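Participant: So you can see what is in the structure, the chains are spelled out below.
There are 2 protein chains.
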Amino acid sequence: MKVLSLNRLKDSEQLLEETFPEVEFVFRKNVDEINEQDKRDADVVIGYSGKADQAFFEGMPNLKFVAWYAAGVNSLPLQYFAERNIVLTNVSGIHAKQMSQFVFAYILDDYKQMRVSRQNQDNKVYDSTITGRRVDGDTLLILGTGNIPKQISKLARAFEMKIIGINTTGHEVDGFDETYPLKELDQVLPKADVVVNVLPETEETYHLLEDKQFDAMKETALFINIGRGTIASEETIVKALNEGKIRHAYLDVFEKEPLSEDNPLYQLDNVSITAHITGNGKENFKEASQIFIRNFKHFLSNGDVIEKKVDLSKGY
Amino acid sequence: MKVLSLNRLKDSEQLLEETFPEVEFVFRKNVDEINEQDKRDADVVIGYSGKADQAFFEGMPNLKFVAWYAAGVNSLPLQYFAERNIVLTNVSGIHAKQMSQFVFAYILDDYKQMRVSRQNQDNKVYDSTITGRRVDGDTLLILGTGNIPKQISKLARAFEMKIIGINTTGHEVDGFDETYPLKELDQVLPKADVVVNVLPETEETYHLLEDKQFDAMKETALFINIGRGTIASEETIVKALNEGKIRHAYLDVFEKEPLSEDNPLYQLDNVSITAHITGNGKENFKEASQIFIRNFKHFLSNGDVIEKKVDLSKGY
Numbered sequence: 000m001k002v003l004s005l006n007r008l009k010d011s012e013q014l015l016e017e018t019f020p021e022v023e024f025v026f027r028k029n030v031d032e033i034n035e036q037d038k039r040d041a042d043v044v045i046g047y048s049g050k051a052d053q054a055f056f057e058g059m060p061n062l063k064f065v066a067w068y069a070a071g072v073n074s075l076p077l078q079y080f081a082e083r084n085i086v087l088t089n090v091s092g093i094h095a096k097q098m099s100q101f102v103f104a105y106i107l108d109d110y111k112q113m114r115v116s117r118q119n120q121d122n123k124v125y126d127s128t129i130t131g132r133r134v135d136g137d138t139l140l141i142l143g144t145g146n147i148p149k150q151i152s153k154l155a156r157a158f159e160m161k162i163i164g165i166n167t168t169g170h171e172v173d174g175f176d177e178t179y180p181l182k183e184l185d186q187v188l189p190k191a192d193v194v195v196n197v198l199p200e201t202e203e204t205y206h207l208l209e210d211k212q213f214d215a216m217k218e219t220a221l222f223i224n225i226g227r228g229t230i231a232s233e234e235t236i237v238k239a240l241n242e243g244k245i246r247h248a249y250l251d252v253f254e255k256e257p258l259s260e261d262n263p264l265y266q267l268d269n270v271s272i273t274a275h276i277t278g279n280g281k282e283n284f285k286e287a288s289q290i291f292i293r294n295f296k297h298f299l300s301n302g303d304v305i306e307k308k309v310d311l312s313k314g315y
Numbered sequence: 000m001k002v003l004s005l006n007r008l009k010d011s012e013q014l015l016e017e018t019f020p021e022v023e024f025v026f027r028k029n030v031d032e033i034n035e036q037d038k039r040d041a042d043v044v045i046g047y048s049g050k051a052d053q054a055f056f057e058g059m060p061n062l063k064f065v066a067w068y069a070a071g072v073n074s075l076p077l078q079y080f081a082e083r084n085i086v087l088t089n090v091s092g093i094h095a096k097q098m099s100q101f102v103f104a105y106i107l108d109d110y111k112q113m114r115v116s117r118q119n120q121d122n123k124v125y126d127s128t129i130t131g132r133r134v135d136g137d138t139l140l141i142l143g144t145g146n147i148p149k150q151i152s153k154l155a156r157a158f159e160m161k162i163i164g165i166n167t168t169g170h171e172v173d174g175f176d177e178t179y180p181l182k183e184l185d186q187v188l189p190k191a192d193v194v195v196n197v198l199p200e201t202e203e204t205y206h207l208l209e210d211k212q213f214d215a216m217k218e219t220a221l222f223i224n225i226g227r228g229t230i231a232s233e234e235t236i237v238k239a240l241n242e243g244k245i246r247h248a249y250l251d252v253f254e255k256e257p258l259s260e261d262n263p264l265y266q267l268d269n270v271s272i273t274a275h276i277t278g279n280g281k282e283n284f285k286e287a288s289q290i291f292i293r294n295f296k297h298f299l300s301n302g303d304v305i306e307k308k309v310d311l312s313k314g315y
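These protein sequence lines are chains A and B, in that order. Using numbering that gives the first Met the number 0, you'd call the opening residue of the first sequence number 0 and step up by one each time. Using numbering that gives the first Met the number 0, you'd call the opening residue of the second sequence number 0 and step up by one each time.
Quick caveat, the hints were computed from the structure, so don't treat them as lab data. Note that the structure is predicted; figures quoted are calculated from it, not measured. Where a beta carbon is used, it is the ideal one built from N, C-alpha and C, also for glycine. It cannot be assumed that every hint is accurate.
No more than 35 Å apart at the CA atoms, straight line, and that leaves these computed lysine-lysine pairs for DSBU-like [as the list claims (entries may be wrong)]: (1) A:Lys-190 - B:Lys-308; (2) B:Lys-308 - A:Lys-161; (3) A:Lys-313 - A:Lys-244; (4) A:Lys-308 - B:Lys-161.
Just the calculated beta-carbon pair ranges, DEER-fashion [said to hold, decoys possible]: (5) A:His-206 - B:Lys-123: 37 to 47 Å; (6) B:Glu-256 - A:His-170: 34 to 44 Å; (7) A:Gln-266 - B:His-297: 19 to 29 Å; (8) A:Leu-267 - B:Arg-156: 31 to 41 Å; (9) A:Gly-49 - B:Val-115: 14 to 24 Å.
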């Protein structure tokens with residue numbers, strides 16, 4: 000049994016080798032350093048890479064299990080995996096703490112006018128009339144009710160926000176005051192002071208937010224996107240901000256990443272940009288490896304996994 | 000019975016007059032607009048002002064009750080109130096939500112490197128390697144265990160921080176994992192990743208933090224001051240930051256307010272300055288008036304108040 004890692008995993012390498020002494024591990028720095036022999040031998044692939052496309056996996060005749068060290072799997076050849084009966088897992092839970100903390104970094108940056116205080120400090124201006132907006136009592140609408148939304152709702156509860164969730168069927172979820180099905184989105188949007196998108200990219204969510212949806216939001220709304228950039232076209236978002244359909248946006252994901260210098264978002268005042276960083280964390284390799292260890296133990300004895308298995312037809 | 004307000008109170012004026020139809024209310028814009036007749040007639044003073052000193056109150060022979068619309072009462076002539084049996088209340092609780100939210104605005108601004116992202120946006124730089132530090136698991140030390148610290152601890156609990164409190168005797172307080180008496184401060188400081196001062200100004204807390212205390216903190220510690228500027232001398236804080244005794248500070252209060260343009264803090268990179276704004280809130284007048292209403296009902300029938308009474312010998 001051979002496991003090929005698409006990344007070097009620091010301390011986790013030793014942990015994996017000690018946990019599975021009978022397994023041979025090969026750790027490569029990135030996809031470019033993987034040779035054909037590595038691929039021919041691989042029974043299992045772990046790690047993540049933006050460059051691992053179908054052609055890459057086609058060189059692996061023995062591949063049975065891909066433990067993807069990221070939450071989003073939309074760059075992977077899911078149909079090819081399905082045809083080959085390759086088991087795919089992701090690590091959707093491990094970014095929940097970091098990402099939910101970023102959501103509140105954004106909300107509080109905005110509500111407490113941290114940029115204004117920063118500018119004042121730079122200009123040696125002491126303005127004691129700045130009045131932060133209080134979070135408690137405001138309504139948070141989360142598009143998605145999975146691991147990350149649940150963690151966001153936990154923080155939002157402590158901040159005494161009202162919490163609404165959107166999921167496919169509208170089924171109730173612990174921690175949410177109200178949940179609605181995706182098809183009722185347009186009726187729910189006007190209620191929200193803060194709209195956070197955490198949805199994965201699927202056929203259902205691609206360009207889900209169009210002009211009409213931004214029109215339905217409050218003009219005072221704050222829009223946060225930490226899900227996928229394709230939830231709305233760049234044109235739609237720029238238009239919504241330009242025309243003041245919403246007050247401000249915090250965007251961590253974009254239709255075309257990385258952003259180019261001439262991206263029109265850079266010309267807007269009412270947007271705050273981060274560079275797809277809300278899932279980054281020095282704990283990630285370790286926590287992803289812990290999930291892999293639990294799954295791989297099960298896989299070695301039963302040929303299947305126990306957690307974070309991706310439904311290849313749904314894409315999450 | 001006449002009530003003199005040192006501020007105009009917007010919607011709350013009507014509420015007060017309707018709640019107490021037998022009482023005469025006088026609402027002035029500020030202390031400068033109050034005449035001698037206003038003062039001679041006043042049985043009760045409500046509101047707040049930085050200019051209300053002992054001389055101001057000496058013109059009020061009928062004064063029996065001061066409902067101070069702020070948390071800190073250290074600018075008031077407490078001994079004079081004690082000698083005259085004047086009841087003093089503050090509104091220590093009403094700023095708790097706003098101030099606790101600001102504490103997390105600061106922590107997350109720092110932990111998630113929001114300034115770096117902001118600078119990158121200004122420079123049209125897209126750096127997807129920025130890695131936020133996770134809050135969960137870190138230790139928060141709060142100097143104080145009163146209303147505001149309790150509210151901070153409630154948020155910190157949701158963020159899964161370890162929460163330590165310091166109070167006079169070290170008595171246990173709900174929501175804190177550990178509490179220690181003030182005299183053990185030096186032994187507790189090395190444990191903290193984040194130190195938040197919320198203590199009021201008293202003889203015991205004046206210049207409580209000296210070089211030795213900053214030496215005891217972790218070099219990686221974040222220091223936040225939303226209590227009173229006199230917790231440490233300006234010289235001590237500037238020295239601690241200049242010499243890297245701590246990593247960064249968020250300061251909302253200062254020994255000499257307002258900060259002058261030549262204040263040495265403006266020369267430092269590892270400090271973030273806000274202008275004594277963490278207690279500002281558009282809800283404050285309303286919430287302070289609601290406390291006053293509850294107290295004044297009791298005062299009219301019993302000559303005493305039921306909540307937020309200040310111990311004039313302690314100053315809080």
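Participant: Next, verify each hint and record whether it holds.
Facilitator: Here's how the hints hold up against the structure:
1. For the hint linking Lys-190 (chain A) to Lys-308 (chain B), the alpha-carbon distance of about 40 Å lies beyond 35 Å, and the restraint is violated.
2. Among the hinted pairs, Lys-308 (chain B) with Lys-161 (chain A) is consistent with the structure: their alpha-carbon atoms are about 33 Å apart, no more than 35 Å.
3. Note on Lys-313 (chain A) and Lys-244 (chain A): the hinted pairing holds, with a Cα-Cα distance of about 32 Å set against a maximum of 35 Å.
4. With a C-alpha separation of about 33 Å, the suggested pairing of Lys-308 (chain A) with Lys-161 (chain B) holds against the 35 Å cut-off.
5. In this structure, His-206 (chain A) and Lys-123 (chain B) break the distance hint of 37 to 47 Å, their C-beta atoms being roughly 26 Å apart.
6. Distance hint check for Glu-256 (chain B) and His-170 (chain A): the Cβ-Cβ separation is about 53 Å, which falls outside the suggested range of 34 to 44 Å.
7. Range check, Gln-266 (chain A) to His-297 (chain B): about 59 Å between beta-carbon atoms, so the 19 to 29 Å window is missed.
8. Restraint check, Leu-267 (chain A) to Arg-156 (chain B): a C-beta distance of roughly 37 Å satisfies the suggested window 31 to 41 Å.
9. A C-beta distance of roughly 23 Å is found between Gly-49 (chain A) and Val-115 (chain B), which places it inside the suggested range of 14 to 24 Å.
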